[in-house]
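Residue numbers (my numbering), protein chains in the order written: chain A, 1 to 590; chain B, 1001 to 1265.
Keep in mind that the hints were calculated from the coordinates and are not lab data.
For glycine and all other residues, C-beta sits at the position ideal for the given N, C-alpha and C.
One or more hints might be untrue.
Stated by the list, open to error - Anything over 10 Å on all C-beta distances counts as not near chain B; from chain A, calculated:
#1 Glu-136
#2 Glu-306
#3 Ser-574
Claimed, not checked - Derived pair list, reagent style DSBU-like, types lysine-lysine, alpha-carbon separation capped at 30 Å:
#4 A:Lys-228 to B:Lys-1046
#5 A:Lys-202 to A:Lys-228
#6 B:Lys-1119 to A:Lys-201
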Amino acid sequence: MSGLRVVQSGVHSLIQDEGRFGSHHIGLTVGGPLDRHSFRWANKLCSNPINTPVIEVTIGGLVLESTVDTYFAVTGALVDLSINKVPVDCWAVNRIKSGDRIELGYAKIGIRCYLAVAGGFDIETTFGSCSTVTRESVGGLAGDGSPLSNGDLIPCGETLVHPPFFSPVQAQPHHLTTAPESTRLRVLLGYQQDCFTEQQKKQFFHGQYRISERNDRMGFRLLGPEIKPSIGGILSEGICQGAIQVPPDGQPIVLLNDRQTIGGYPKIGSVLSLDLDKLAQLGPESIVYFEEISIEQAHNLRHLAEIKFQYSEASIDLPSLSTEIEALLVASNPRGMKTVSSAIDSGSYLRAAQLINQAHGTILIGTGFPVNGSFETDGPVGAIALYRAIEAIGGAPVLVCEAPLCTLLSTDFNTHEIKIGEDGGKQAQEAISEHQPALIISIERPGQSSDGRYYNMRGIDISEHCADYDSFISLSVCPTIAIGDGGNEIGMGNIAEALEQLDIRAASTGCDELLLADISNWAAHGLVALLSVISNQDMLADWDNKAVLQMLSEGGSVDGVTGENTLTEDGVHSDVSQKLVGTLRKLSGF
Amino acid sequence: MGIMQRVWRPYKKFASYCNDGRPVINQAITISVAGENALIVYFSDKVDTQVAARIKTCSSAIRLALGLHLIDLIPSYGSILVIYDSLLTDHFAVSKAIHTVAGASSIQASALSASHDGKLITLPVYYSLESGPDLKSLAENAGLSIDQVIEIHQAIEYRVYAIGFAPGFAYLGEVDERIAAPRLATPRLKVPRGAVAIADRQTAVYPAESPGGWNLVGLCPTPMFDAKADPIMPVSTGDRVVFKAIGKQEFIDLGGTLDTLGDLK
């Protein structure tokens, strides 16, 4: 059985689905998430049905180890969240692989986090729900109400496809408030409200209440102005979610998910469910105040919130976008890349974009295909596009190439020069220990064929003019991405079999993620398009293809196909590439 | 205009007579807002066996009338809490439905004589000093013999007025005033599953081991709450219960155990 193994259960971590409904008449309470808004968003981000079980983590400290490849999201309180010690975002989808460790720190804003996995946890229900109610010994992993404990395996399956992407604008913890603010709790008067005088109601609605130490999943006890009903007790009656009970000491208690189903204290009314989500995220000493609303207002607010939630649709379906980009970039098929593209699992661009997005630190970008003592325009343009995008999302890119390209680029970019004729392994090892890269990319670098030599598209041995970047890929301990458009570039080892149908001397160097395009530079733009969506920045907006080609041309670049010093890439006019960038930008919703 | 005519206000029906000429007691109901998706229907503020019968009938009728609009329902001594799906319906529609069925059910409930409504369930009890550690003090305080206490406890047909506090905990009433006893000054940390207990004029069988401050008079071998059984509970709100004394051997034969008593004093 696969799933997430509990390495450290944290302060208090419980399995919760929406709650247990329809069993109040036999004394079972509802259970379920205290902050329903965050609970629902955790599942929505993972593309799960809303009633899918999640982990409610109170305060934090949960550490999980995955035995499966999947995606997960943490919503609710803001915590330091990391995968294998590398920080990742809350309120966003993150990928984990088998063996990865998810760590939640301690809540910084708010109290409760919700962790959902794509596809959901597979847990048996008791009385129609797996919500854990410890007091009732019901629900949870074993169905006996136990909280999660170290060593537990929370079953879930493998998910390989990224759930549709929500822009960070939609998925946000709007309801979290920081400590000094006082939180408004809207109240519907009801139940025994007639037993409270107008004077007492005034005090109740004008006073400020402090959350006491006595707050848990059953209810929050508040301290503030005393309000005393004219009666001390009533015949025990049903208690609804958010009911405000006033015991003889006059200090109100807001009753929550794990409350007893019936009780005999007078109640003044109930808190609006939307505001209970806020209350659930407040700790002791936080200040709240009450504001009266009518039942009609309550229904309106509830409906509006529901519509807002339902209408928050995934802005872009990332896997589909990736597939669309992959098809677009090999559509004209001048060198057979479309023909061999079926050898690569769909979603390669998205997986590569995620590798870039998750790489924190230095990213090496190798480029430069030698032609007649100079270098091709295809490669460096894309490398520059990637360089800019990586910088924009906070990474540290370094361009790796040989002279004369390196000399040209070093004026505007961080570069690392590699030399022709050096011991490739040694050169790569030194560069890796110098830069400690988190990711290595190759774009349009010649790759060694099975005989260890480099060939151009016409099958001519160009080893004399090539430095060894292959060793960077083969010696790296970090993930690697390679881009090519002909079959003789680094990375093509991944599809060696498919390449046999093309009339070329194929490269045998592989990589983790191979990207194909009709022109390698285009692949970079495709990647930047996906990175734009992921980081919610329109990074293709100010791309000026001609200006970049101009700069390279002045440095002596040549077109790889025509051999001419023109503002073209593989015989294609710059305007065509510029137009493609516009199409990609539109596809990604900008 | 149409909306104005449908202004929601609780209306009260006055006592009327049904066809057999018996007065229908307390037919008036009041509906109050409890929360954003909950209404509470008040039948009476007194513990009354006829009210309990009517609440039972009415609960089933509300379930039927609201169908999928109902999220949950809590019948209790004198009220029913109705939790509805506020995305599918509203308090106008729900209170209208409640009024309709409450009117019908009051006639139905009163048509049944008090002794023929609800199920009658017999719960066997092993009364003894061993299984009921508070029998002695209860008898002493009441000025009765232990046998008299046991006899009086069995003499009444109880009504299930409410289920709550813990899953399966049924409040039965009303206990004969002679053996009514206040809760213990210091509640026990552990009351065994099946303990038959008295607090004020209520009696109950603990469905599971839990803390508790009621006076323990015996042990009942019948499971009061079993998630795997159908029905989960032998009783529901509004049903009637009688207790029948059994011996130790019969208690054990019926699946009872004394092992859980531990150091219970």
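Hint by hint, here is what the structure shows:
Non-interface call for Glu-136 (chain A) relative to chain B: violated, since the shortest CB-CB distance, roughly 5 Å, does not exceed 10 Å. Distance to chain B contradicts Glu-306 (chain A) as a non-interface residue, since its nearest Cβ pair spans about 6 Å, not more than 10 Å. Annotated as non-interface, Ser-574 (chain A) keeps its C-beta farther than 10 Å from every C-beta of chain B; the closest such distance is 55 Å. With a CA separation close to 23 Å, the supplied pair Lys-228 (chain A) and Lys-1046 (chain B) stays within the 30 Å bound.
Annotation: proposed proximity of Lys-202 (chain A) to Lys-228 (chain A) holds, straight-line Cα distance about 12 Å (limit 30 Å). For the proposed pair Lys-1119 (chain B) and Lys-201 (chain A), the alpha carbon gap of about 44 Å is over 30 Å, so the pair is violated.
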